[in-house]
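Construct the complete structure from the given sequences, taking the supplied hints into account.
First to last, the protein sequences are chains D and Z.
So for the first sequence, my numbering puts the first residue at 1; every next one is plus one.
So for the second sequence, my numbering puts the first residue at 307; every next one is plus one.
Keep in mind that the hints were calculated from the coordinates and are not lab data.
Here are a few chain Z residues that face chain D, going by a calculated C-beta distance under 7 Å:
id: 1; residue: A313
id: 2; residue: S385
id: 3; residue: T391
id: 4; residue: P393
From the three backbone atoms N, C-alpha and C, an ideal C-beta is built for every residue, glycine too.
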Amino acid sequence: MDGGAEVELVGVTRRFGARTAVDEVSLSAYPGEVLGLLGPNGAGKTTTMRMLVGNLRPHSGLIRVGGVDAAVDPVGVRRQIGYLPETSSAYPEMTVRSFLEYCARLRRLPRTTRGAAVSRAMRDAGLQGHGPMRIGALSRGYRQRVGLAQALVHDPAVLVLDEPTAGLDPRQRVEVRDLVARIGRTRTVLLSSHLLSEVTDLCRRVAVLDNGRLVALEEVAVLTARVGSRLELRVSGSAQRAAEVVAGVAGVDAVEVRGQVVVVTGTARLTTAAVAAAVVSAGIGLEEMRTTGGSLEAAYLRLVKH
Amino acid sequence: MLAQALAIARRDIRSIWLSAFGVGCGAGFLALSGVLLVVDLRADQARLDGWFSPLFVIEALLASLFSVRSFAEEERTGSLEILMTMPLGPWRLVAGKILGAGGALVIALATTVVCPLMVALVANPDPGPILTGYTGLVLAGLAFVSVGVVVSAATDSFLVAATGSSAVLLALWFGGVLAGGLSGRLRTVLTYLSPSSHVTGFLRGTLSLEDAVYFLSLALLGVLGTRLVLEARR
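As structure tokens, then:
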């Protein structure tokens with residue numbers, strides 16, 4: 001077991017009939033960390049999250065949150081977790097404030113602090129002024145915020161967010177992303193998302209699931225470095241000459257000429273600045289340069305086969 | 307502890323009675339009660355046992371409809387997933403749900419008090435059978451709701467939950483009626499299992515411990531069944 005980890009999954013397996021949805025998954029998440037959970041649809045992300053929050057029981061393996069074993073004290077584990085499900089749906093007939101007060105009551109917050117906790121959760125989720133509104137009358141983005149507020153109302157040590165920005169407009173996405181980043185500074189956040197740019201922005205480490213198996217648990221930088229870098233340069237002079245110059249730059253593995261475009265692949269040491277400097281100093285005009293590899297997307301596509 | 311179960315029950319009662327569904331069901335129940343009263347009073351006697359008797363059957367149907375919302379409706383709308391991650395033990399969740407549907411049913415029953423009151427305005431009915439009749443309706447309602455909540459926990463379909471629990475309750479009820487044509491142990495078992503065998507005392511103005519135990523046992527079975535279904539879902 002990992003001493004400093006807030007969340008620990010050890011060899012967790014869950015089957016649905018003959019199908020193994022999650023197969024021997026082990027991972028840890030630490031305080032002050034946003035851990036990204038990536039994988040295609042059906043990879044086992046939601047099942048893993050549901051097991052972590054106690055909605056599903058693993059068929060084997062161990063789940064610990066804040067040192068509490070979920071098999072021994074599932075209520076104790078749930079007390080420490082705030083969960084935003086993928087298909088979060090609060091009661092449409094309730095007002096935002098009454099729903100959050102209901103959640104606070106079920107979370108057994110003392111009567112004396114309940115009102116303040118609800119106000120704080122509403123502020124954190126950007127719901128100020130929406131307290132008296134009926135949830136059914138809110139837009140999808142605001143309903144998502146209500147889901148987020150109920151996950152925050154008890155100030156949990158661990159936050160599990162399943163696709164928190166799904167269905168939000170770009171501005172709302174940025175706001176939720178900023179909120180998650182702020183929360184992640186002091187708490188442990190497990191974040192599932194199909195938006196790799198969002199994961200790159202928020203997470204230092206990612207766990208990649210494919211077909212129920214954990215295929216990677218790495219820092220984003222390590223994963224992307226493993227894929228290597230790929231640059232495309234459009235030059236105005238001799239592309240052949242540019243290719244010869246670039247081939248001598250540190251970190252370059254291969255150079256290919258396609259008309260006026262020079263395609264450069266290399267290791268993580270390859271930098272755009274070094275390539276640009278080499279081309280320009282050789283007196284070749286550099287019209288355009290762009291990075292097309294070395295991203296989390298490239299690493300993800302290499303890892304995920306399904 | 308109990309506060310969590312009561313919070314769930316309070317929310318569920320409000321949810322039922324603040325919806326068109328709940329108001330419609332309640333209004334339908336009250337209207338049928340009125341029709342039954344008119345039919346019963348055609349005998350020209352201020353007796354209400356003939357009114358209470360079919361009310362138990364209609365109550366079973368209303369209990370099925372109200373208990374559908376406890377789990378099946380929440381599962382369908384997605385709110386159940388949030389509820390299931392709350393730090394409350396399964397007993398409290400089940401107790402809250404049964405109290406919620408049961409509480410909503412008691413409100414529906416309370417509206418029918420207008421029927422005996424109207425009879426009391428024009429005649430002098432014996433208050434004993436009225437009091438025991440309502441005691442029986444509350445006890446039976448608790449049992450019916452518990453059975454409905456088990457079925458509701460087992461499905462996410464409103465239709466399956468409503469028809470399923472109605473079918474179970476009506477099968478139990480009419481099993482007792484059919485038992486009249488049978489003999490031997492099967493007759494004894496079906497007769498005992500049927501709610502129809504346990505409402506007669508309430509209709510006549512007597513409170514029997516055996517009948518109370520029957521309905522409370524059915525309610526307890528519902529609680530245990532729901533607990534098992536929820537565990538199986540995990």
